Amino acid sequence: MVRRSDVVSDLEEALAAHVVFTEDAADDTWMIGRTPTQTLHVRMGNFPEEDLWSLWLGDGKWMDFTEPPAGWTLELSDDRWPATARPRLPKGEFHE
19 MVRRSDVVSD LEEALAAHVV FTEDAADDTW MIGRTPTQTL HVRMGNFPEE DLWSLWLGDG
79 KWMDFTEPPA GWTLELSDDR WPATARPRLP KGEFHE
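Residue numbers for the sequence shown follow our numbering, beginning at 19 and rising by one.
A couple of the hints might just be wrong.
Pairwise CB distance ranges (calculated) [as the list claims (entries may be wrong)]:
(1) P100 with E30: 18 to 24 Å
(2) G78 with E31: 19 to 25 Å
(3) T40 with E68: 18 to 24 Å
(4) R52 with D77: 31 to 37 Å
(5) T40 with H113: 31 to 37 Å
(6) M19 with E93: 17 to 23 Å
(7) D97 with S27: 16 to 22 Å
(8) A34 with E67: 26 to 32 Å
(9) E114 with A88: 18 to 24 Å
(10) D77 with D97: 31 to 37 Å
Simulated from the structure, these hints should not be mistaken for lab results.
Quantities reported herein were computed from a predicted structural model and do not represent experimental measurements.
Cβ coordinates follow ideal geometry from the N, Cα and C atoms, glycine included.
Required output: the full structure, derived from the provided sequences and hints.
Here it is as structure tokens:
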């Protein structure tokens, strides 16, 4: 579950890590991945109006991308997000 207070503490480590992202069952269109030291939250954008993916860095900052870093895998299941997931909000808004 992503929160506005979540922060990527070491972006360099995150970008170099091998990370498998899967759907965050709590939040529609968000994916979650873990490095040895931090949890990463990626939002699926409203493509083509927005970048395909956005990594939430914290403090109001994002890293937008269409191609993920070499060590990242973004896995979407056929079922995608469960019906119980909190609804999608506009980019920059969070369920608090």
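Here is how each hint holds up against the structure:
1. Taking 18 to 24 Å as the suggested C-beta distance range, the pair P100 and E30 does not conform, at roughly 33 Å.
2. For G78 paired with E31, a C-beta distance near 21 Å keeps the hint of 19 to 25 Å intact.
3. Between T40 and E68 the C-beta distance comes to about 21 Å, which sits within the given range of 18 to 24 Å.
4. Distance hint check: the CB atoms of R52 and D77 are about 21 Å apart, inconsistent with the given range 31 to 37 Å.
5. For the hinted restraint 31 to 37 Å between T40 and H113, the CB-CB distance of approximately 19 Å leaves it violated.
6. Between M19 and E93 the Cβ separation comes to about 18 Å, which falls inside the hinted range of 17 to 23 Å.
7. At roughly 32 Å, the beta-carbon separation of D97 and S27 lies outside the given 16 to 22 Å, and the hint is violated.
8. Checking the proposed 26 to 32 Å range against A34 and E67 shows it holds: the Cβ atoms sit about 30 Å from each other.
9. Distance hint check: the CB atoms of E114 and A88 are about 34 Å apart, inconsistent with the given range 18 to 24 Å.
10. The beta-carbon spacing between D77 and D97, approximately 33 Å, falls within the hinted interval of 31 to 37 Å.
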